[in-house]
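**Student:** Using the sequences and the hints, build the whole thing.
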Amino acid sequence: MAVTRLLLTSLTLFVALLVLAFEFSDYARPPRTRFSSLKGNMSCHGVIRSPEEWRPPLTPDWLQDLAQDVPELVRHVCDEWVLPPSTGERRLLQPEREHYSQRGQSEFVDELLNHKTNGFFVESGAFDGEELSNSLFFEKSRNWTGLLVEPNPSSFLSLLEKRRRAYMVNACLSPKTKSLVTPFTMSELIGGLSDYMEQTHKVRIEQESNEAVPIVNVQCFPLYSILKAIGVTHIDYFSLDVEGAELEILFTLPLDQITVDVFSIEYVVTNNQQASDRKLEIIKKYLVDSHGYRIVQIGEGEDVILKKF
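According to mature numbering (1 follows the signal peptide of the UniProt record, and there is no 0), the sequence shown holds residues -21 to -1, 1 to 288 in order.
Hints should not be assumed to be uniformly reliable.
List of simulated lysine-lysine pairs, BS3-like, C-alpha gap at most 27 Å [as the list claims (entries may be wrong)]:
hint	residue 1	residue 2
1	287	95
2	95	119
3	286	155
4	263	95
5	286	264
6	119	155
7	155	287
8	119	287
9	263	119
10	286	119
11	155	181
12	181	287
13	287	264
14	286	263
15	157	181
16	181	95
17	263	155
18	157	264
19	263	157
Simulated from the structure, these hints should not be mistaken for lab results.
**Tutor:** Put into structure tokens, the structure is as follows:
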């Protein structure tokens, strides 16, 4: 009997260890079949967190380096990172203003789109959601919604306070067609992905800062993954201003699956005319020569504006 009880105890312990190992493996390794049957659009029902409560989610190691269309990655972005549009009253510092763009981008694009209502924007480099915003006019005056992307944790807290009527993501747009973590230079309006900044821009940051500028690791997701998570396939206006990685981010977007009517893209590199000219030429070759866009404005400030015809 003693031997039998010992065998039963050992067997029970062995089964328990197997169960624990199975449960642990669910977190330690990618659940390859968990989301394999996902079809169509997913509903992202995040909770609008107050600035005091917000903390960026953690992304497990197995979700890094995943291709932008992998269902597991899209589901994670939907469940953990996307915050839905606010339904409360906006809390703007200057609610009486009509346009907030730095150099008239929103006014120009509004004319270009014939004062279109109920559109969808993407603003990468959203900052606090108000200062120098290229999208706020469309939200307030044309009843648009959209996607606001801001990787700087401090700026994102300010963005949350504004209660914008748009999806919000506290991450960077990936410069590759996969999820990744990369260094980010924390310099408010002119901060960006450290590895994609020209040296002249880094010098500008140092000159304009009174103290050492911190560099932190930030989570990045491909724009396509985020759009797939919220079920968007058409963008009326895409404002891309990320202080260096514009080209890399642009190239990740499959324009045969995501349509964009108007782009405004920052191309000017601080104190580097040669790099600026090279960047503009690449934008022309990619969007004009290969994808049917036309340049409709250039030379106003630091952006080039292109429209699909």
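**Student:** Determine for every hint whether it applies to the structure shown.
**Tutor:** Against the structure, the hints come out as follows:
1. 287 to 95: Distance of about 15 Å is within 27 Å: holds.
2. 95 to 119: Status holds; Cα separation ~13 Å.
3. 286 to 155: holds, 24 Å
4. 263 to 95: holds, 26 Å
5. 286 to 264: Given that 27 Å is the threshold and the Cα spacing comes to 14 Å, the pair holds.
6. 119 to 155: violated, 33 Å
7. 155 to 287: Satisfied, since the Cα-Cα distance of roughly 24 Å is no more than 27 Å.
8. 119 to 287: Status holds; Cα separation ~24 Å.
9. 263 to 119: Cα-Cα ~32 Å, so violated.
10. 286 to 119: holds, 23 Å
11. 155 to 181: Roughly 22 Å separates the two Cα atoms, so the pair holds.
12. 181 to 287: The given pair, whose Cα atoms are some 33 Å apart, is violated under the 27 Å limit.
13. 287 to 264: Judged against 27 Å, a Cα distance of about 14 Å means the pair holds.
14. 286 to 263: Since the Cα atoms of residue 286 and residue 263 sit roughly 12 Å apart, the hinted pair holds (cutoff 27 Å).
15. 157 to 181: Satisfied, since the Cα-Cα distance of roughly 26 Å is no more than 27 Å.
16. 181 to 95: Violated - the C-alpha atoms of residue 95 and residue 181 are around 38 Å apart, more than 27 Å.
17. 263 to 155: holds, 20 Å
18. 157 to 264: holds, 24 Å
19. 263 to 157: holds, 25 Å
Of the numbered hints listed earlier, those contradicted by the structure are 6, 9, 12, 16.
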